[in-house]
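A.B. asks: Protein chains in written order, with the UniProt record's numbering: chain A, 1 to 650; chain B, 1 to 118; chain C, 1 to 114.
Hints in this document: simulated from the structure, not taken from any laboratory.
Be a bit skeptical, because a hint or two may be false.
To be verified - With a straight-line Cα cutoff of 27 Å, these simulated DSSO-like cross-link-like pairs (lysine-lysine) come out:
(1) K269(A) x K284(A)
(2) K90(C) x K223(A)
(3) K12(C) x K269(A)
(4) K513(A) x K561(A)
(5) K541(A) x K454(A)
(6) K90(C) x K296(A)
(7) K114(B) x K104(B)
(8) K571(A) x K103(B)
(9) K90(C) x K571(A)
(10) K458(A) x K26(B)
(11) K423(A) x K284(A)
(12) K104(B) x K477(A)
(13) K277(A) x K90(C)
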Amino acid sequence: MVENQSKADHVVNEDVRKIPLAIDPNLIRPLPSFVPPTNDIGSEDQLDNNTEQTPAASQSLINNPYETYGNLPLDKLIPIILQSRGPGSKFADLSEEALLEEIAKEPTQTHSIANGDIDIDMNDSEATGSAGDQILIPQPIEGTLNEDEENDMTHEQFQQLRKNAVLSLDLALNESSLALEFVSLLLSSVRPSAATASMSPFLKKTVPSASLNAEKVPYEKPKESEIMEGNLVTKGWKLRSLEESRLLMKETHKALELTVEREQNYWSKLSHYISRKDVVFRMKDKETGERTLGLKYGYEDSGSRYKQERGIAILRHEPKNNTLEIVPSETQQASALGRLNQERFLRVRIFNKIEEEDDYILSGETSLDELLIPSNNLAEEQDIRRQIARLQFFIFEKELMFHMKKEAANLISYGVSIENENKITVEFATEKMEFEMISLTDDIVMNRQQDAPKTNDKKARLILVMLRMLLVTMFKKQLKRNLVLEQKGESAPKNSPRSQNHEVLLLRPILGKFRHANYLDLLQNVVKTYVLDVVEGATLKDSTIEKTKSSDTFGEQGFDKHIVKLDREIKLFESILRKPRTYLTLLLPSAGEIEFGLESSNYCNASTTVKYINDSGTTLFNTKFSNFKELEDFLHFIVSEYVKENGTQV
Amino acid sequence: MSDRGLLEQLNRITDTLSRSLANLVKNSSISKEGDEDEHGNYNTPESAARTSTSGLMLVNAQTAQLIRGIQDLMVMTRTIREKWLLTQIPDENDESQLELDYKKCSQLLEQWEKEVLG
Amino acid sequence: MPQPEFIQERLKSLDSIDRMLLSTLLHASQSVGTLEELKRGNENMKPQFENHARNFYSSLEKATVALRREIKHLDDNVGTRLLPINVNKKATGQDNDKIREQLDILTKEIEGGD
Numbered sequence: 001m002v003e004n005q006s007k008a009d010h011v012v013n014e015d016v017r018k019i020p021l022a023i024d025p026n027l028i029r030p031l032p033s034f035v036p037p038t039n040d041i042g043s044e045d046q047l048d049n050n051t052e053q054t055p056a057a058s059q060s061l062i063n064n065p066y067e068t069y070g071n072l073p074l075d076k077l078i079p080i081i082l083q084s085r086g087p088g089s090k091f092a093d094l095s096e097e098a099l100l101e102e103i104a105k106e107p108t109q110t111h112s113i114a115n116g117d118i119d120i121d122m123n124d125s126e127a128t129g130s131a132g133d134q135i136l137i138p139q140p141i142e143g144t145l146n147e148d149e150e151n152d153m154t155h156e157q158f159q160q161l162r163k164n165a166v167l168s169l170d171l172a173l174n175e176s177s178l179a180l181e182f183v184s185l186l187l188s189s190v191r192p193s194a195a196t197a198s199m200s201p202f203l204k205k206t207v208p209s210a211s212l213n214a215e216k217v218p219y220e221k222p223k224e225s226e227i228m229e230g231n232l233v234t235k236g237w238k239l240r241s242l243e244e245s246r247l248l249m250k251e252t253h254k255a256l257e258l259t260v261e262r263e264q265n266y267w268s269k270l271s272h273y274i275s276r277k278d279v280v281f282r283m284k285d286k287e288t289g290e291r292t293l294g295l296k297y298g299y300e301d302s303g304s305r306y307k308q309e310r311g312i313a314i315l316r317h318e319p320k321n322n323t324l325e326i327v328p329s330e331t332q333q334a335s336a337l338g339r340l341n342q343e344r345f346l347r348v349r350i351f352n353k354i355e356e357e358d359d360y361i362l363s364g365e366t367s368l369d370e371l372l373i374p375s376n377n378l379a380e381e382q383d384i385r386r387q388i389a390r391l392q393f394f395i396f397e398k399e400l401m402f403h404m405k406k407e408a409a410n411l412i413s414y415g416v417s418i419e420n421e422n423k424i425t426v427e428f429a430t431e432k433m434e435f436e437m438i439s440l441t442d443d444i445v446m447n448r449q450q451d452a453p454k455t456n457d458k459k460a461r462l463i464l465v466m467l468r469m470l471l472v473t474m475f476k477k478q479l480k481r482n483l484v485l486e487q488k489g490e491s492a493p494k495n496s497p498r499s500q501n502h503e504v505l506l507l508r509p510i511l512g513k514f515r516h517a518n519y520l521d522l523l524q525n526v527v528k529t530y531v532l533d534v535v536e537g538a539t540l541k542d543s544t545i546e547k548t549k550s551s552d553t554f555g556e557q558g559f560d561k562h563i564v565k566l567d568r569e570i571k572l573f574e575s576i577l578r579k580p581r582t583y584l585t586l587l588l589p590s591a592g593e594i595e596f597g598l599e600s601s602n603y604c605n606a607s608t609t610v611k612y613i614n615d616s617g618t619t620l621f622n623t624k625f626s627n628f629k630e631l632e633d634f635l636h637f638i639v640s641e642y643v644k645e646n647g648t649q650v
Numbered sequence: 001m002s003d004r005g006l007l008e009q010l011n012r013i014t015d016t017l018s019r020s021l022a023n024l025v026k027n028s029s030i031s032k033e034g035d036e037d038e039h040g041n042y043n044t045p046e047s048a049a050r051t052s053t054s055g056l057m058l059v060n061a062q063t064a065q066l067i068r069g070i071q072d073l074m075v076m077t078r079t080i081r082e083k084w085l086l087t088q089i090p091d092e093n094d095e096s097q098l099e100l101d102y103k104k105c106s107q108l109l110e111q112w113e114k115e116v117l118g
Numbered sequence: 001m002p003q004p005e006f007i008q009e010r011l012k013s014l015d016s017i018d019r020m021l022l023s024t025l026l027h028a029s030q031s032v033g034t035l036e037e038l039k040r041g042n043e044n045m046k047p048q049f050e051n052h053a054r055n056f057y058s059s060l061e062k063a064t065v066a067l068r069r070e071i072k073h074l075d076d077n078v079g080t081r082l083l084p085i086n087v088n089k090k091a092t093g094q095d096n097d098k099i100r101e102q103l104d105i106l107t108k109e110i111e112g113g114d
């Protein structure tokens, strides 16, 4: 029964698909039943019900597509068999002999059929075996390095191959499981315990143990020719494997030789152009997917807290020209986003107001940094260093503008406005300053020296230098903070935004200087109009230096040398960063003196303290004005009440 | 001390490498014994094919191991290169670490104020 | 600003190790090639096979010895030339470079100006 049934299966499927073990997937039901082929055909009605009703998944050993056929009632199975044998065939014509004949033909047929699978080609050994001495010639080895094939394979082809492989595996598993069941059953009559161990629960349940028997097949000694053939095959395989091994090593050697050459070029470039100070680290080149090295050029470790850009570049070896390229990782991302020119620099321009008109005229601007002017004929080393310096320059300028914009946002009431993403303007009474990020274009480079020098060029340059130095001072303050915290054993607080904003001091110190100078002018004018011009013999002197004697001898002990050094450098800029203040003493002949203090609480505003001390040293008034009009009135009052009166009395 | 890992790795790979060629030769002659032992175990075409298949697999495995070993050692040379370049201590006497000329600098800054406000 | 000479030497030595490894692989492939000839019955390939196998072992040994020496060099220099493991190198001092650069510009503006 078993044999018959599986034979029938073979016949059915063999011709349907021309694949020995596969089965037409269209014929496989989504839920195959698990009734083994040993079932009686007599109970087919009941069987049919079973297939329909019980999913019986728990009983599943494996998915066996053949079982579908086994389960088919004969009235369905026979048409399929006939269909698969081609039109015109009759079931009555099928005889056991004819089927046996077909089966005998089967192997040769099947092997010549390309399955889409990469199957082990037995033809090879057969052919060479019969060809006698030719076995000594190694077969040409295909498939040791299937690179082309792999590269050319489309996704669909791959999917197809994968599907075939899975199908074949399923079938193989199925076949072997069946074989195991068969052997277990056969064994169960002799060694029941060993047999039941390998039987599936289903088999145990449905088939009584020891119900299968077989006769012993006598061992046939192989013929001399078969032994010969076998040995030749063995030898052929062996030689083939050696040849394969040799070729593989040779190919690898060749490939590695190229790799080694490339590596050596890369490292010799690195060792010549990258100094021991540079920070190099492992990273992945997103563009090529290769493992490579990156270079950190940003100011992150030097006190910068700018997070908009990472400040790292890929050190890429360009094999074509054998050159080292430095590609900032941001450029890669930017070009992916379609924003190409990341090279921007800060330009400062000064405009003077034309008096009668409501218009400005350009009176000074900064020039292009030397670094930005392309220079040819550089040796590669200088070129690399220059590339790095440029990257550092650009990231620094961007950070500078970033902080300036933040600072400017709070200075609207002092004539500072952010015109656009790249431009800040500051207006004064008679002039206007523009701070603008300019894209480095060819035009700009070409036209850099066309204009005649202007009166305020130098001023613009000085302001730009100061802005940059003040940013570095911010870095240094940050470094000091980190070091102090480190010394205290605390970790640096991560980005508390308050302190960050608080610490930005770029525009205000510079702006404050100008505004203070204006206020001072105003104050002096007021004093002149209301006192000096009125009171004879009155003199005004600057007492700022006496008033602001430096009390700053701070304890440098206890700190490590790095903190001390940073402190000294930061202190260097104290005169610039200090909020502006000026003290004036107005001496009134025989009427005492007035002390003025012009100060600012936020760099940009101004308040004036006024202290009147009479001749006898008594402080009569000590007050504060933030409005010059009030100050005028007050001075007028003092002069008329105390000075004039006094003077007339004397 | 810190590079003990590398050393151990080196020893391991070298060990494998030196053995893999020997094994390769040995595996290719197992089937040779088969040839001579004609009437013994390896006398049917099937088992001959089986022996040579397993021999072939072993030869392949040893070849792969040998190649991988060489490649691993090359990766190691790269690792060492990276160590030299990536973790090098910068020169302490670097120019940038030197102290500034504070006196001159503060004069410059004073001058700056005068020029800008001038 | 090339790397110090010592580092350059190390890199060169590593280059030559790579070449030794390459020739080790080549010798392996040649050994197998001659072995194949031997199996084919070409008995007079025997000296050649032995030769290639010997070369394989000797170049492997050379490469290994040299590598061991390079690892020792690494070891010896941790703390002097190299940062200890797990300490990340920092791009420090760039603040100093920048301030120097700007002070130079300022000096030029102020002293070289009018």
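A.B. asks: Next, verify each hint and record whether it holds.
C.D. replies: Now the hints, each set against the structure:
1. K269(A) x K284(A): Given that 27 Å is the threshold and the Cα spacing comes to 19 Å, the pair holds.
2. K90(C) x K223(A): violated, 78 Å
3. K12(C) x K269(A): holds, 12 Å
4. K513(A) x K561(A): violated, 33 Å
5. K541(A) x K454(A): Cα-Cα ~35 Å, so violated.
6. K90(C) x K296(A): holds, 9 Å
7. K114(B) x K104(B): holds, 15 Å
8. K571(A) x K103(B): holds, 12 Å
9. K90(C) x K571(A): Answer holds: K90(C) to K571(A) is near 25 Å, not above 27 Å.
10. K458(A) x K26(B): Not satisfied, since the Cα-Cα distance of roughly 84 Å exceeds 27 Å.
11. K423(A) x K284(A): Violated. K423(A) to K284(A) sits at ~36 Å, over the 27 Å cutoff.
12. K104(B) x K477(A): It holds: about 21 Å lies between the C-alpha atoms, which stays within 27 Å.
13. K277(A) x K90(C): holds, 9 Å
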